[in-house]
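Engineer: Given chain A's structure and the hints, the job is docking chain B onto it.
Residue numbers (numbering that gives the first Met the number 0), protein chains in the order written: chain A, 0 to 508; chain B, 0 to 508.
Check the hints yourself; a few may be wrong.
[As the list claims (entries may be wrong)] Label pairs and their in silico Cβ distance ranges: (1) B:A83 / A:G107: 35 to 43 angstroms; (2) A:V202 / B:T104: 39 to 47 angstroms; (3) A:A121 / B:E477: 56 to 64 angstroms; (4) A:S498 / B:D226: 46 to 54 angstroms; (5) B:T104 / A:Q406: 54 to 62 angstroms.
These are calculated hints, taken from the structure and not from any lab test.
Keep in mind the model is a prediction, meaning the values are calculated, not measured.
Ideal Cβ placement from N, Cα and C applies to all residues, glycine included.
Number of protein chains: 2
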Amino acid sequence: MSLNQLLTLSGQVNDLLNASSILSWDARTMMPKGGSETRSKQLATLTVAARDLLCSDQMKHALDGAEKDVAGRDDEDPQARMVAQVREAITYHERIPAELLRRKTELGGIGHDLWAEAREKADFSIFAPALKDMVAISKEMAEAIGYEDHPYDALMYRFEPGTTTAELKSLFARLREGMLPLVRQIGEAQQPEAEFLYREFPVEAQMEFALKMAQRIGYDLHRGRLDTTVHPFEISFTRNDVRITTRVNPRWMPMSLFGALHEAGHAMYEQGADPAYVRTPLATDLVGLYAVSGVSFGAHESQSRLWENHVGRSRAFWQNHFADIQSAYPGTLDDVDAEAFYRAINRSRPSLIRVESDELTYDFHIMLRVELESRLVEGSLSVDDLPDAWNAAMKEYLGVDVPDDAQGVLQDVHWSSGQIGTFCNYTIGNIMAAQLFETAMAEQPGIRTALDQADYAPLREWLDDKVARHGRRFGRDELLQKATGRTLDPEPYIRHLTSKYSEIYGLAA
Amino acid sequence: MSLNQLLTLSGQVNDLLNASSILSWDARTMMPKGGSETRSKQLATLTVAARDLLCSDQMKHALDGAEKDVAGRDDEDPQARMVAQVREAITYHERIPAELLRRKTELGGIGHDLWAEAREKADFSIFAPALKDMVAISKEMAEAIGYEDHPYDALMYRFEPGTTTAELKSLFARLREGMLPLVRQIGEAQQPEAEFLYREFPVEAQMEFALKMAQRIGYDLHRGRLDTTVHPFEISFTRNDVRITTRVNPRWMPMSLFGALHEAGHAMYEQGADPAYVRTPLATDLVGLYAVSGVSFGAHESQSRLWENHVGRSRAFWQNHFADIQSAYPGTLDDVDAEAFYRAINRSRPSLIRVESDELTYDFHIMLRVELESRLVEGSLSVDDLPDAWNAAMKEYLGVDVPDDAQGVLQDVHWSSGQIGTFCNYTIGNIMAAQLFETAMAEQPGIRTALDQADYAPLREWLDDKVARHGRRFGRDELLQKATGRTLDPEPYIRHLTSKYSEIYGLAA
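So that you can see chain A by itself, here it is in the shape it has in the complex (with noise of 0.2 angstroms):
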């Protein structure tokens, strides 16, 4: 049968894309430094080889026969879903001319040495040069791959698919309609006391006590594993095979904690999903090549949005974790209690860098860079105009002064290597998060009774029932549709932030 063929090879295409994530990990975990160069020759290879299997003329015959045999099947049968992925994802490699990828790629590698030098240099005309070429070549992308309205809308095509520019500016709107005056309060207000997230915290006990709330709220250990490294992140090679890293700063308690359960919520996505999709386009990103079970990037961050902020960050989890903090730091956090310690893990101040920013400014970073990603696609902002439009921006939501580039426009990696268009992720995770936290509060208490006990399994079996098994079986939207009754809405996430903020800082309603 064709359809059985076309999974054969859509599961040596997963295999090859796991096997570059390994490499991936390996690289920013495990490899000697001297490894780096044949290390990206391999991950090239095996892209490519992912890429060339998947529009293969075999690969394409069994599937001109899989719809066939498919023809007729409920539209949400999970092998149709499956056999039109792979139509949809060859329809999309096939606009991308060889010649443009060849480009991009050539320019994405020289690109990360020029922004590492003009960073440490804090000289944006470093950078400038090759920044002028990506967005050219983002450009020629945008009109390959095509769009409806607006160019940026192809670019994020790949990150976040379905999701427009004119989405985005009436959600960005909304938001900062209804955060901007939390910033403003907050701003004039009392900040609770935090000296003690300061204090001296053994690296060992730190990764100790990340891995062990990691495991608690049920990242599962049999299939995962925890490493430290510069930069945290999650990364999977199968349900079977999900890891995360987080960094620890024997100052700053914080970093090591939130960034494990961030991670966590991350590998939970994963490792939730339906076994019976492992291998398949169901658990492979095809389009962007890339293996992995979540919907989106934005979908993705819902997961660890949610379990960072709405449980770990939370009143109930500190009551029922605190006196587990203080034992795991012996001496250390005697003078404090859980209340002080929720509010100082909660306190919110405008700062430079996205990566340090709290739960309330975040945001603010995203709406400002998808704003000039979008205008450099566009053509209405110049790359040499690039600096102070960012620091302008930084001034009107934040009311903060960029000192130098390396703190301003050169502090993201993601331009080195010529990544426009998945910014937007982030903020969608943070809405996204919020209506799944709400609907499931909603639709069953008995999930915030188990909370308030630190019993996590209630929640977990919500989100494993109306996200993570449907691996990418449904659109954002439509899983979306399906778990809250209605697509993207960011009423939930202001109504959590004014809550909370106005709660924690005694602000007027």
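Structural biologist: Showing chain B alone in chain A's frame:
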């Protein structure tokens, strides 16, 4: 130019095979238990992808052109050799029907569990049916590959190209003649004291000292790393990333130390390959589908044995480093001196288990296996008669009685995956090691002087120059001919063992 195209494609084959090696390393060192099933599929896909690319129409087309490109060049020209090796590998793989390969792979998958159960229960009859199938498939494989004299020659080709059963028969006869008298005499001699090797050596201190000594002899950690595993091994992902593992027994220190020196010897072979050969057929075993620069498994073993035995178990080495090992384990070896240590680590006693045997008795374990394997393949021994034949040979060679099959015919993992034809590598390695070491000493007396002063660079440079840098450019015998003026010669090895053990045990000449 077709040659460039050939090198691009063979570079991708190398990348795929290196990716496979990285996945194997990860599976043995880092992977959580849950990952094993999907990892097997990923590994299979990578090997098939490498084989398919090697035997693809585009590769053959490039090869046809490349043969014209290098026509008329010197026979030893590296590029001419690359082209010839691609041709040889394609010819080899095309002789093996896909259906036969599939049956062999499937049987390998089943065999391991049956073997493990049989060994667990010390019951050969559990494994016998699978082994019968494996012998039958090996015979089919030998017929497909082709041979002049003996079907076992065809099976050894993957591991030790050019070696014949007839050649081994005569080598083994000479080894027995030279070594059996030593084994007999030592059986009646006084054993050196070795109690102190079984004292308590902390695990972390062992790892630290093992790594220190590996680096001391020349293992480059910028392009390597050391981990612990149940079975020690070396594996490379190009010369830029060559990793080793060792195992640690807190009450038997030589295991970690000599394990690390052994694997460092393998590693230095890979690290010493000519940088110009990276990703080329001269750094890829295209017949065995394994990304390695060493020219045969025996040649590889020669480097590990040379550093482990001729250097690491030499008197000079411990005259220089005994103080180092004393300070690595404070207080543990205070009542021991360098001479006593040297004698203890060179103690020889017949034993049941190959991997636990000493320098002198090791080869008898190998001869036994090679002889039984070749008889199984030629049909002069049946699988049912194998345990009796094993036990008889153990009695004849080493004078030991095998108490059960777990400590006899079932001890090695090799047959569980249908791997027949690889044991000869160990003895060939021992012979080559002595031949190369004796030549180095005779040719450059300064190397001995340097070794006496704990300077390992001159020996390493000689080996790099004569062996490592050539990668797979020359065949094993060609390499030996250039380095020592003759092909495989057992006399230096017999001289080495006779002189060393006569001296330690005070035997009559």
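Engineer: Could you tell me whether the CB distance from A121 of chain A to E477 of chain B stays inside 56 to 64 angstroms?
Structural biologist: holds, 57 angstroms
Engineer: Look at the Cβ atoms of V202 of chain A and T104 of chain B and judge whether their distance stays inside 39 to 47 angstroms.
Structural biologist: holds, 45 angstroms
Engineer: Hint says 35 to 43 angstroms; check whether the CB-CB distance for A83 of chain B and G107 of chain A agrees.
Structural biologist: Distance hint for A83 of chain B, G107 of chain A holds at roughly 37 angstroms.
Engineer: Does the beta carbon distance between T104 of chain B and Q406 of chain A stay inside 54 to 62 angstroms, or does it fall outside?
Structural biologist: holds, 55 angstroms
Engineer: Taking the Cβ atom of S498 of chain A and the Cβ atom of D226 of chain B, is their distance within the range 46 to 54 angstroms?
Structural biologist: Given a distance of about 49 angstroms, which is inside 46 to 54 angstroms, the answer is holds.
Checked against the numbered hints above, the structure violates none of them.
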